[in-house]
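Participant: Given the structure of chain C, go ahead and fit chain R onto it with the hints provided.
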Amino acid sequence: MDWFKRRKGIATSEKKAIPDGLWVKCNSCGEIIYRPELQKRLFVCPKCEYHFRINSKDYVEYFFDPDSFTETGANIKPADPLRFRDTKKYTDRLKAAQKTTGLNDAAITGDATIEGKPVVCAIMDFTFIGGSMGSVVGEKIARAADRARERRVPLIVISASGGARMMESALSLMQMAKTSAKLAQLAQEGIPYFSILTDPTTGGTTASFAMLGDVNIAEPGALIGFAGQRVIKQTIGQDLPEGFQKAEFLKDHGFVDLIVHRWEMRETLGKIIDLLWAGGGKAKNNGKVASGEKAAKASRSSDAVAPGKN
Amino acid sequence: MNKTFRVTLDFEKPVVELEKKIAEMEEYARETGVDLSDDIGRLRRKADNYRKETYSKLTPWQRVQLARHSDRPFTLDHIERIATDFVELGGDRAFGNDPAMIAGIGKIDNHRCVLIGHQKGRDVKENLHRNFGMSNPEGYRKALRLMKMAAKFKMPVITFIDTPGAYPGLGAEERGQAEAIARNLMEMAVLPVPIVVTIIGEGASGGALGIGVGDSILMMENCWYSVISPEGCAAILWKDNTKAPIAAEAMKLTAPDLLKLNVIDKIIPEPPGGAHWDYDVASANLKKAILTELKRLEKIPVETLIEKRIQKYEAMGAWKE
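Residue numbers (our numbering), protein chains in the order written: chain C, 278 to 587; chain R, 1286 to 1606.
Bear in mind the hints are in silico, worked out from the structure with no lab data behind them.
Heads up, none of these hints are tricks.
If you want the ones that stay clear, here's a sample from chain R, every Cβ over 12 Å from chain C, calculated:
hint : residue
1    : 1434
2    : 1565
3    : 1573
Derived lysine to any residue pairs resembling SDA-like cross-links, with alpha carbons at most 20 Å apart:
hint : chain 1 : residue 1 : chain 2 : residue 2
4    : R       : 1605      : C       : 373
5    : R       : 1524      : C       : 506
6    : R       : 1572      : R       : 1365
7    : C       : 523       : C       : 538
8    : C       : 528       : R       : 1456
9    : C       : 365       : R       : 1520
According to the in silico footprint, chain R covers these stretches of chain C (three or more CB under 8 Å from chain R):
hint : stretch
10   : 402–416
11   : 446–453
12   : 461–467
13   : 484–497
14   : 505–513
Glycine residues also receive a C-beta, built at the ideal position from the N, C-alpha and C atoms.
In isolation and in its complexed conformation, chain C is listed as follows (with noise of 0.2 Å):
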């Protein structure tokens, strides 16, 4: 039972999604998973469904067309406006993320086509420092709104991350406005913008760009947010109720359109860009409107084929 223990010591580790290993155990059900086959299912426990986290690459592969990703803004970097420094460096932060992720910040931006409809894209990847929003992202973000509109393409932004990014305070947090802002001249063009939120979503990247699409798709059982639940029970001075800030819960709520499996969310994003923007938004409304949740869980248990590996 060596490899029990292995995985254990690795598990503890925040720096990876998920952690290495032959064997995985759901942070859900405590099934014990055989990797492989849980990368087959692209991460999604088989016996309960708990969607586990993944990184921006893994999204690439998982929503988009196989091989129509092309990325853009790759040469954008972070600097250390502020020399911040708290016990460590920012700039040691950095390349020591830089190193574990080969990301040279919390997200990717590019071009795919989503089931042969062309996008603009934004990915965030919470295992580079927790996702967290600086100037990079912001910026990134800021440009792919800024494409999406020069191409008149839908604008899709999967979220994963704890929010502004504090090393670069007051920066960070104009990114909510900046990000927001570009949102608003996209909007004006009237293109469509497609929040998907992973989990966890909280904090600024909630507050700002994740909350503001046209629609919002969670994963099941995703953190969604906006401040932490620590804080949160320290001032009511209360617990707080199952499933509180999950996908369900902001759903419940209205505050998301759509719960999307993961194997469901190309097939789905499809359907209503198919829906919104059919001929570039110029196309006349053929009546049916599908309910995308229905949609995928119809698909789900007659196909247990990842898509991505199609």
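Facilitator: Just chain R now, kept in the frame of chain C:
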């Protein structure tokens, strides 16, 4: 200047003591007719010198404390002194009326305006009513409702930021605190009237920014504005919230720092010792700065105004490529 305060900060004590002594001597002189003007003059010079010395080199943490001073003028204190015919309006037309957010219409000289601001309380009772200046979603939605009214009736919007943060409560999450703030950011970016934002006390994070997107960002001298409170930052990054003074230093949250980072456009001077020493002077300085901006912004065609506003936010941040 002879004021009694509910709270005296450590570095304020010498000057508060001196002012007290001066007041006593003046009282004594009046009652007995004894001429104490030399002594009073000497003490006054001493107090002035101390003030000049201390307040010319305040640490970021000292400014945080001044920004939070419970005797500091709050939104309504300023509105009272700046605006005439102020009519407070209430409610978000969806859920309720948030007393932590003031919103209304009034005039600043001959400019009709919509005035919006966080409102703190002076004592426990008031603070329970005002929720310590921490708005709930309905506060942000009321603010948005009035901003849209401003657009409809072509009135500029003036906002006053003074909050320790948006309220982190259960109901706030249920009613979409994040969505309420996000919506305001998006709408304010393209609101077709001038927006002058003033920071008059604490500017904590999204709760502040929720009424903080505009054409001119003015910040009073002894305020702080950042992505999190120094205590919150210290607790997360230093794992020790008593490190708040060090965090405050690192966070570059004072007006001079933020001016350098282009987060704000202008610093509004405060009376010696801080705004709480003289409300009238503090408000007069604020009013002067607001009027200068209003006169400038009202001349700009709406399309240009919005274009410039978006460009302003587009440029924010620092990165390499």
